[in-house]
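Chains as they are written, first to last, in the working numbering: chain D, 1 to 116; chain V, 1001 to 1110.
Take the hints with a grain of salt, since some may be wrong.
[What the hints assert, rightly or not] Going by beta-carbon spacing under 8 Å, a handful of chain V positions derived as facing chain D:
| # | residue |
| --- | --- |
| 1 | Q1033 |
| 2 | L1043 |
| 3 | L1046 |
| 4 | Y1048 |
Just so you know, the hints here were simulated from the structure itself, not pulled from any lab data. Beta carbons: idealized from backbone N, C-alpha and C, even for Gly.
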Amino acid sequence: EAAVTQSPRNKVAVTGGKVTLSCNQTNNHNNMYWYRQDTGHGLRLIHYSYGAGSTEKGDIPDGYKASRPSQENFSLILELATPSQTSVYFCASGDAWTGVNYAEQFFGPGTRLTVL
Amino acid sequence: EQQVQQSPASLVLQEAENAELQCSFSIFTNQVQWFYQRPGGRLVSLLYNPSGTKQSGRLTSTTVIKERRSSLHISSSQITDSGTYLCAMGNNNAGAKLTFGGGTRLTVRP
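Let the sequences and hints guide you as you build the complete structure.
In structure tokens:
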């Protein structure tokens, strides 16, 4: 199975501070994704990437930036963290369906972020 | 906006009973994936099933594209099956990103 790791696993930040969440995948997938999961809202897409150097806005990008410096790494950046960004963040990797491969996505273990 | 509806929202079973979980989509999709999640845990991919029927152990998924729906059948449930089951649809024209349903919370009792 695809290996996706995230760091840190838990993070406590202060309002107005900068937070960087990191994700690494070792399966050479082109696409990577950042989701957040909240009670009552389920999982929602924040940013995604088609490959190194690319970032795209997802459904709820406001307040977040993303960076894809390499095929393996994808970061989510909160420049000015707010309490409303307290959530569990999941990174995922996968590929687009080409008619041959599966576009299955594999998820990391999640990062629990608390902004005080 | 893509939407995914799951039913039922919650389900309680006695051990060894079967479960049928449903998922419906607002648009046609070529990407359907079922996940399992324990409270506070990671999403574990159960089945990737864009069309037809696919089986993995006690799990069987059936996706009917033209009816925009997918189901997950769990046979002979076990206590360890308890958790939340999430259905997600993808759009290959939008980076293959997933849109998730609200989930079905399954509780299996002894």
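How the hints compare with the structure:
Contact between Q1033(V) and chain D, as hinted, is supported at the beta carbon level, the nearest pair being about 6 Å apart and thus within 8 Å. Because the beta carbon of L1043(V) sits about 4 Å from the nearest beta carbon in chain D, less than 8 Å, this interface hint is met. With its C-beta approaching chain D no nearer than about 11 Å, L1046(V) sits outside the 8 Å limit, and its interface hint is violated. Here the hint on Y1048(V) is kept, as its CB sits about 4 Å from the closest CB of chain D, short of 8 Å.
When each numbered hint is compared with the structure, a violation occurs for hint 3 only.
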